[in-house]
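A.B. asks: Join the two chains into one complex using the hints; note that each chain is given alone, in its own frame.
Protein sequences appear in the order of chains A and B.
Numbered by the numbering used here, the letters in the first sequence go through residues 1 to 96 in order.
Numbered by the numbering used here, the letters in the second sequence go through residues 97 to 489 in order.
Since the hints were made in silico from the structure, they are not lab data.
Incorrect hints may have been included.
Stretches of chain A that chain B covers, calculated by requiring three or more beta carbons in the stretch to come under 8 Å of a beta carbon on chain B [what the hints assert, rightly or not]:
#1 18-30
#2 38-49
Stretches of chain B that chain A covers, calculated by requiring three or more beta carbons in the stretch to come under 8 Å of a beta carbon on chain A [to be verified]:
#3 103-112
#4 159-166
#5 210-220
Using N, Cα and C, we set each Cβ at its ideal position, and we do this for glycine too.
So you can see what is in the structure, the chains are spelled out below.
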Amino acid sequence: MPGTRAGFDLDLPWQLHPQVSVRPERFGALLYHFGTRRLSFLKSPALLTVVSSLGDSPSARAACRDAGVTEAELPTYATALGALAASQMIRAREAL
Amino acid sequence: MTVPALVEQFQYGLDAPICLTWELTYACNLSCVHCLSSSGRRDPRELSTAECKAVIDELERMQVFYVNIGGGEPTVRPDFWELVDYATAHHVGVKFSTNGIKIIPDRARQLAGSDYVDVQISLDGATAEVNDAVRGPGSYATALRAMENLAAAGFRGFKISVVITRQNMGQLDEFKAIADRFGAQLRLTRLRPSGRGADVWDELHPTAAQQRQLYDWLAARGEQVLTGDSFFHLAAYGDPLPGLNLCGAGRVVCLIDPVGDVYACPFAIHDSFLAGNVRGPGGFATVWRESELFTDLRRPQTGGACQSCSAYDSCRGGCMAAKFFTGLPLDGPDPECVKGHGEHALAAMGSTAAPRPSGDHSHRTQPVPVTISRRPPESACNESPLAGFRPGG
Chain A
1 MPGTRAGFDL DLPWQLHPQV SVRPERFGAL LYHFGTRRLS FLKSPALLTV
51 VSSLGDSPSA RAACRDAGVT EAELPTYATA LGALAASQMI RAREAL
Chain B
97 MTVPALVEQF QYGLDAPICL TWELTYACNL SCVHCLSSSG RRDPRELSTA
147 ECKAVIDELE RMQVFYVNIG GGEPTVRPDF WELVDYATAH HVGVKFSTNG
197 IKIIPDRARQ LAGSDYVDVQ ISLDGATAEV NDAVRGPGSY ATALRAMENL
247 AAAGFRGFKI SVVITRQNMG QLDEFKAIAD RFGAQLRLTR LRPSGRGADV
297 WDELHPTAAQ QRQLYDWLAA RGEQVLTGDS FFHLAAYGDP LPGLNLCGAG
347 RVVCLIDPVG DVYACPFAIH DSFLAGNVRG PGGFATVWRE SELFTDLRRP
397 QTGGACQSCS AYDSCRGGCM AAKFFTGLPL DGPDPECVKG HGEHALAAMG
447 STAAPRPSGD HSHRTQPVPV TISRRPPESA CNESPLAGFR PGG
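Isolated chain B, as found in the complex (with noise of 0.2 Å):
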């Protein structure tokens, strides 16, 4: 039997993704600091439950085994459930991500009775003031609200998700515990500077000897904690982390948002990683199979500046999106990057300014500025709209 390196096959893409990111709304009760989508507000343009049904059709003639549904807040679609039903009816799986506001009792039940929804309740702090400093006041109640109805339902494996920062890295076991305390299942992912992230990323990102202890700590635990495949540039430490240990950008995942556009991941909204529109002729397949920034991702990498450095065949230069919104190179170091690159080149680059996200549905939380007209009545009785209107000349 032979056995080729998967690694290389998946580096040259697939027919179909073997799972997809689909953010439903940019709609979200919460204003995150660190939003990967700078999610807030509606988009008016989101795809109707019609377009979102023809999508998970392709889905299926496509055989994608499930999605990633995410938002904004997906679970605020008033078309939610019905989507999800739609979707598992048509062997497409759903794992969705939620703050938990809609996990209610009877609905926690629900899930429980389903083998084709996973339920992934994000949580960014074991404690409800390292969660709420990043994830806005109340969210740390709701998240375990949620989780005690799932436990309670009977929903054994739910996955707590955790975007790993410098505030909540000293929590890792805490984390397990409250995994365990549910029967849940811990997943921890990478913090990237996308979307609102790109704002707080200087302050919120790992040190680098964080970065070391969790290496460790995700070592010692084996599959028995998630990571989503996020922490591939941590592979320069020694052995890789469980999972492809690759970039999947473009070649196994993508990302389609709220109005249809096919982005090569979640974590690069941008127009430079925009690949097409579900909305266009042919679909998201063709998207998938035929776009020009797809097939060049597609294409073999040169590892660049990394390429003599003797991790490059371990982290294969690290997260396109975290290079991208750093500013750095496409085929340079991650900023993140274990040999201490990424932070050479970080400091070399200066004040040169990063590119921004190419959309923001963030809440307006600065007041819309309006003149309002202070200009006093001609008289008390005068109804002509031309009242004090005096032609110039």
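With the rest of the complex left out, here is chain A (with noise of 0.2 Å):
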């Protein structure tokens, strides 16, 4: 299954899950999922950038490239969004 903490695939198209509401905050921002009443955090600034442009680009993989994560930081990223989707913050698009 895509998207488990495990095995994040960069390559597919995601997108922030409908019922997700996100309210920026200095440190990154706070998520709340009204489907499942589970809040999350995301820890910079930076991670909001990339989860806010998930759903207008082709891959996750993009969205961190043009929200400038490097190729370094990129598993930290990978992982980061794996347990966004572990929690449907995130979930993957049908493929275009």
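C.D. replies: Structure, rendered in structure tokens:
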């Protein structure tokens, strides 16, 4: 299954779950999922940029690149996105 | 990517609460002995429907994701369902706590149809005997009937909220079984010596051995059982339980009471923790962002007497309200400190009176004393109001 913590697929197109609300904060953002009633945190403003642009990017990798994430930082972002996918905060888009 | 310590960020406060507790009324059909808000009678100064909607508008602007509505028994407010609908229409989710009195089958079906409303049924014993001793006769049956109605309506994952006491600690597995039976989620919270809870705390709060038992039970179940972050003082046993593990009072949470007073947390209804009122100029946002009390709470705290304790980084001195209402200093150990420092501090304090809650809306269970005059009439037909009046001198 794509999006489990073990292996997040950076090359798939992703999007914010439609039931998730995002509140920007100094440290990054707060995320609340009205379906699962769970709260999550984005621990950096850069991660917020990535998550916000997922829906308009052809892949998570492209969203990271556009947000200025370096190749060396990519695994950290993949882990963070994987955790968000596991908690249904983001989900894979239908392939276009 | 930088990884700032989130807990540090939260200690210094956010521009809006993550969630807040809103007690809509002090009116309640029950008289639970440990009621944190000393509820019973409606306060005549209660916020009107229009004032409540104005608060919801503000919460929407501040992007508060959801409110925990409680009371009293919030569903006895005639405009309760109207306010719930108004909140969800304005993107403010609602989780409300109830004893179940109004959760009839029709209502349960409506609730099951909404993604934005969550229900929390209070139950303080897994058997009627244990529950009703604290919450009153018939309250177990009422709660169970509400759960049956919700489950029958297909409402999955509603919460069953249990205040842990010395008397119900032995029923943890039974509580879990009840939750599983209804497809509900169990939520355990800590008994605080707040409201009427101050009067019964000595007899009801768990023993040291029971606290250890609770920690192990919770640790084994991880995120299956919710705690509302209320047992962070137990983190001193070892690994923290799931949750933020910090006191969010005035930093990431607060309480709005039925008359619009804003307190640092639901367990701190006392003038010392009163930050302002939503009826004041600038409304709730100004109280949250600018009140002297909340600004103070967001300053770095010193560990005080706990500073030298090896567990301080885990428990952070425990619960402010628990300390305050047992008469302990706020910069010392929690009364239920797992290292035993609280017990010593309480013993050393002797009989010094602990502060009392600022308000009391309890039902008057004692007759109100009135004197009915037994003076016989002056004469059978004398209707003069001055009959029998003889000026002195």
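A.B. asks: Starting from the hint list further up, note which numbers the structure goes against and sort them upward.
C.D. replies: Failing hints: none at all.
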